[in-house]
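There are 2 protein chains.
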Amino acid sequence: MAGSHNPVRWGMMSTARIGRKVWEAIRLSGNGVVAAVAGRDRGKVEAFIRDLQVGNGAFPETPRALGSYEELLEARDIDAVYVPLPTGIRPQWLIKAAEAGKHVVSEKPCAPSARELRRVLDACARSGVQFMDGVMFMHGARLARLREVLDDGLTVGALRRVSTHFSFAGDPEFFGGNIRLDPQLEPLGCLGDLGWYCIRFSLWAAKWQWPLAVTGRLLQSFQRVGATGAVPLRFSGELLYEGWSAGFTCSFDTALQQWAHVDGSLGGIRIDDFVVPATGEHAGFWTRGTPSFAADDLGDPHVNGQATRLYRHFAELVRSGRPDPLWPDIAWRTQVVMEACLRSAQSGGTPVPTTGPAG
Amino acid sequence: MAGSHNPVRWGMMSTARIGRKVWEAIRLSGNGVVAAVAGRDRGKVEAFIRDLQVGNGAFPETPRALGSYEELLEARDIDAVYVPLPTGIRPQWLIKAAEAGKHVVSEKPCAPSARELRRVLDACARSGVQFMDGVMFMHGARLARLREVLDDGLTVGALRRVSTHFSFAGDPEFFGGNIRLDPQLEPLGCLGDLGWYCIRFSLWAAKWQWPLAVTGRLLQSFQRVGATGAVPLRFSGELLYEGWSAGFTCSFDTALQQWAHVDGSLGGIRIDDFVVPATGEHAGFWTRGTPSFAADDLGDPHVNGQATRLYRHFAELVRSGRPDPLWPDIAWRTQVVMEACLRSAQSGGTPVPTTGPAG
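Each protein sequence line maps, in turn, to chains V and B.
Here the working numbering is used: the first residue of the first sequence is 1189, the next is one more, and so on.
Here the working numbering is used: the first residue of the second sequence is 1189, the next is one more, and so on.
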């Protein structure tokens, strides 16, 4: 196991593009190393490692290439795993990882349903391992600064409305074959892939309080030719709180947008890029038209500081030996709220109460 | 009657603050004069005129002060009237004005209900007078430029989502006594006063097409101590179209915000001030973070160019002798859609179809 001074030894269950970003983030974290990469095709894994284990990108020891996920979970020299597998099969691997004593970073949405996520989180709790989802903006410097401003009582005042929109426009290749439109592997479509961030940001603004009720509307679904079942392509929803509300929209066929507004009794904040902040000029947020800079940049313009901070933060928790219950808890709340939005959409948009920790 | 070269002779049914803006707009319009101001208190009317009929603000002939609205409508030297009376009593005066052969500019919401607005518009049609509501942004230079950009097929592409938010935060005086919280005089509260602009902008984006259905949610209502009935204090809604949708929020207890986003398959536009554009630097809109300037300024920094254009445009229509059916039609659509949003809110947020011109 990782001691409090040894770097955390990571195993990656991915050779996808997102895996490159994670590799880089772990390299820059300063308290972790990629010790192994696993995939179903060992050749691809070897190529992935060969590609990244060069120059500044290299770890002191070349990560091992493993041809199966089971091998990774059996390895005694792996402390934590990164699990970006498709949502449809992710819970089973998260549970296996937890039962093997591995700490886990899970991509979002964490599971196809709250019921399945509950089993994952219970397994993590039983094994005493840290669970965290891969929402990077939770770890950015901007969010902490934003909290200060929201709490100052003067800039925004009493919260009235949070509005978020996260979208990108898939190209023909995306619509033809991308997994995110597969009703078996990614049944939550844009709601799980993009709405997760909107709901997470809204819950963050709520200081993790459960909404009284939520609503949802499936604005458009998408069914691939020959596929059984459809997935959400465009979705809107609302989280209803006492005294304020949060509205969101997400879409797979709208150009990249990631804007957020936090409007209150005294003023409003505008964020043009709440999910993946630009560096430099656009790193901040705007109050009354004035930028409040919170540069989110570790000095490497090619790497998102948020990702590095996530892996650094996670490794600190692993090395502390005390899993932080905040992270599984907020993943749980995000999943439950998301599912309630979907349930509302399935019943014509009527409000669905969210009944607190019991879900 | 106004000939095609004589200035249009305006009668104002208001000595309220908005009346000052209208006076100034008519003065700058270049094709109209305020010929009379009417109110229930002739002393107040005289003070209002005395206050404005000075220096550069003065008309060549001092407008007459009239102590009743009836007198104004009977006057043979009045071509058009501005009617900002409370919504609860506005339709009856709009009908009287139309029947007296006066062209009318009505404040918004035009009526408490679509049924009552129908009677107003029928009266205007019978008398052959122009009807227009007081939505100034319809006449700004920005909207025309925005249409060009939306239609260029490259900047935004196919429309996917229009998002608008219009709010201000009433002070204690507002909550204590302002007419906009009076359930008899202004039963539509923030929906009528602010949501009208959001719906109008969304319908404009739709090129006036009827939505397939709309939804609404009364997020918060407000009942004054001792009052019978409440009015919408915070409201959200959606207009559902084939292929896209428009969401909006409005509120009387959220700091002044008037933002809009127009997001499409290829890009998005952000407008920070879609209702009352700032002059200078902020007069434009933003595409991919880049400002597209459309200065809305007639050279007088104290006067909103939109208002001047509205009164100039209206007077042109009056002088042409051919009422333009567009203006009553878009007021009608706005009112019908607004009412459908309210009906949806009253039935738990389920979609309410909008059935086209017959309402």
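Keep in mind the hints are simulated off the structure, nothing from the lab.
From the three backbone atoms N, C-alpha and C, an ideal C-beta is built for every residue, glycine too.
Check each hint, because a few of them may be wrong.
Computed spacing ranges between beta-carbons, pair by pair [claimed, not checked]:
no.: 1; chain 1: V; residue 1: Glu-1249; chain 2: B; residue 2: Glu-1336; range: 36 to 42 Å
no.: 2; chain 1: V; residue 1: Trp-1474; chain 2: B; residue 2: Gly-1245; range: 33 to 39 Å
no.: 3; chain 1: B; residue 1: Pro-1360; chain 2: V; residue 2: Gly-1509; range: 38 to 44 Å
Far from chain V, some chain B residues (derived; all Cβ distances over 10 Å) [said to hold, decoys possible]:
no.: 4; residue: Asp-1229
no.: 5; residue: Ala-1288
no.: 6; residue: Asp-1339
no.: 7; residue: Arg-1348
no.: 8; residue: Ala-1357
no.: 9; residue: Pro-1375
no.: 10; residue: Gly-1452
no.: 11; residue: Arg-1458
If you want the footprint, here are the derived chain B segments under chain V, 3+ residues with CB under 8 Å [what the hints assert, rightly or not]:
no.: 12; region: 1498–1511
no.: 13; region: 1531–1541
TODO: Sort out which numbered hints this structure fails and list those numbers smallest first.
DONE: The structure breaks hints 1, 3, 7, 8, 10, 11 and 12; every other hint is satisfied.
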